[in-house]
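Produce the complete structure using the sequences and hints provided.
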Amino acid sequence: MSTVTGPASTARRAGPSAPARLRRALHIVERNFQVYRRGWIYFVSGFLEPFFYLLSIGVGLSHLVGDVRVGGQVVSYTLFVAPGLLASSAMNGAIFDTTYNLFFKLKVAHTYDAVLATPLGTADVALGEIGWALARGMTYAVAFLGVMAALGLVGSPWAILCLPGAALVSLAFAATGMAATSYMTSWQDLDGVFLAMLPMFLFSGTFYPLTVYPGAIAELVRITPLYQGVALLRALDTGTVSWSLLWHVAYLAALGGVGAVVTARRLRRLLAP
Amino acid sequence: MVPSIFAGLPAAPERRRATPLWRRAFAYWCFQFARTWRSTLTASVVYPTLYLAALGVGLGSLVDRHLGATSGSAGLDGVTYLRYVAPGILAGSVMQIAVNESTYPVMAATKWVHTYDAMLATPLRVLDVLAGHVGFVLLRLVVTSATFCAIAAGFGALVSPEAVLAVPAAVLTGLAFAAPVMAFAVTQERDSGFSVIHRLFVVPLFLFSGSFFPISQLPGFLQAVAVVTPLYHGVALCRACTLGRLWTLASLGHAAYLVALATAGWAAARVTFRRRLAP
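Protein chains in written order, with my numbering: chain D, 1 to 273; chain L, 1001 to 1279.
In short, the hints are calculated from the structure, not lab data. A hint or two may mislead.
Claimed, not checked - Here's a subset of chain D near chain L, in silico, CB distances under 8 Å, partners left out:
(1) G60
(2) H63
(3) L64
(4) Q188
(5) P199
(6) V212
None of the values given here were measured: they were computed from a predicted structure. Quick reminder that beta carbons are idealized off the backbone N, C-alpha and C, glycines included.
Given below as structure tokens:
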């Protein structure tokens, strides 16, 4: 896109070392941090939504639903839902910045054209944006887990592993969201993001166990990424841990890895001079 | 106001009432909508269907089983959870659409695209512009509520023939939000207030105003708060319609509250629109 070609573009081709790469990506994270210092209200209020949901369910729905069975253990409905909401909020935190905001920076504000006029390259942009989304998702996850602990909704010491678990969920959705956004051409395409997220939020076992569904639908739900995240965090929170959880970990890590690679490639195509 | 080459000419005087010219502003919004309505299908058809399926049918099966086992009664309030929750989702989603339609579009017409200024460069005066926009929001609420009720009927969530009246009840609920929010939106210089409205008012109201569970389960002081929120009255009125329990004094009270709020909002909007837009 840039009309200025010069030493910057050749320097970019000489692959930097891993620490240098990380340092460059951190510039993107820092840039986003500076921007949100003026819009902190967006950042803070993003945390409130899952918190309101948790409160509403604890006060109201839990009395209507009673107890639920998880992996051979009977738990209160609030304890059942809390890790599901934790996974959903990790997803939401990661998705906001990597879809709408990314599209805005890519197509409207031309933020990355400005970034590429510096020594930073497209891979640094991809890594930095995913890193920022991860940081945002993790901030929400830490706060939410804190609230869960305060309300007595942590069922086992394994729950501490919910933090890396939530990070994995954030990573998977941030990378996939960015990869998908890089293919979009208009704001209307972004409706597709919500069209994918809302059904996942409602049907991926966040609010009720899969036993409610007939067999085929349950299998279909099992392959959605949010279900994988919810199942992982719920098992950790309630302490029903087994080796089979590693499948969820592998699924989410693979999704994040593939998404990151696709994103880096697409950004190179869209942005590189 | 944008300074114009006609700045030296005397503007037509402001009038005390809207004139039939408001229909031109209304026609403008309808024309816009005729071109973009397809993208609103997601919000007005897909989302209600998903919510009814997930909460009414999915979660409802757990609720009905639990309440059937513990209290022996059939579901909540004498009806299945699907039938209980459907009017709650109706009022809740109408509120969200009303708030959306009266925040960003108002700001866009005021300062991003200057649609209002363009209208005011014609014989239309401020109250015509306001009436035209409110009229359009009203139309949008009617379409949304009717669509939702048709979908809910498909789920078997409507019990009585009085459910037809849930459409005007939901529209009234929407107006009780739209009018005051428009009055507020036109005073704003930046859109950051809108996301605060969404996250600090719309979401909590949606979750705590009796849509999903009776407010009697809330702690005492929160019950008192819930009773004064407009969504509580909207949900109660819509539920009275869909369950065939409309003709009570309580329904009259709910309707009166919503009418009063919509009227107050309209009066406030008359003032704030004039203050912002009149030359």
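So, going through the hints one by one against the coordinates:
{"no.": "1", "hint": "G60", "in the structure": "holds (3 Å)"}
{"no.": "2", "hint": "H63", "in the structure": "holds (6 Å)"}
{"no.": "3", "hint": "L64", "in the structure": "holds (5 Å)"}
{"no.": "4", "hint": "Q188", "in the structure": "holds (6 Å)"}
{"no.": "5", "hint": "P199", "in the structure": "holds (6 Å)"}
{"no.": "6", "hint": "V212", "in the structure": "holds (5 Å)"}
Taken one by one, the earlier hints all hold for this structure without exception.
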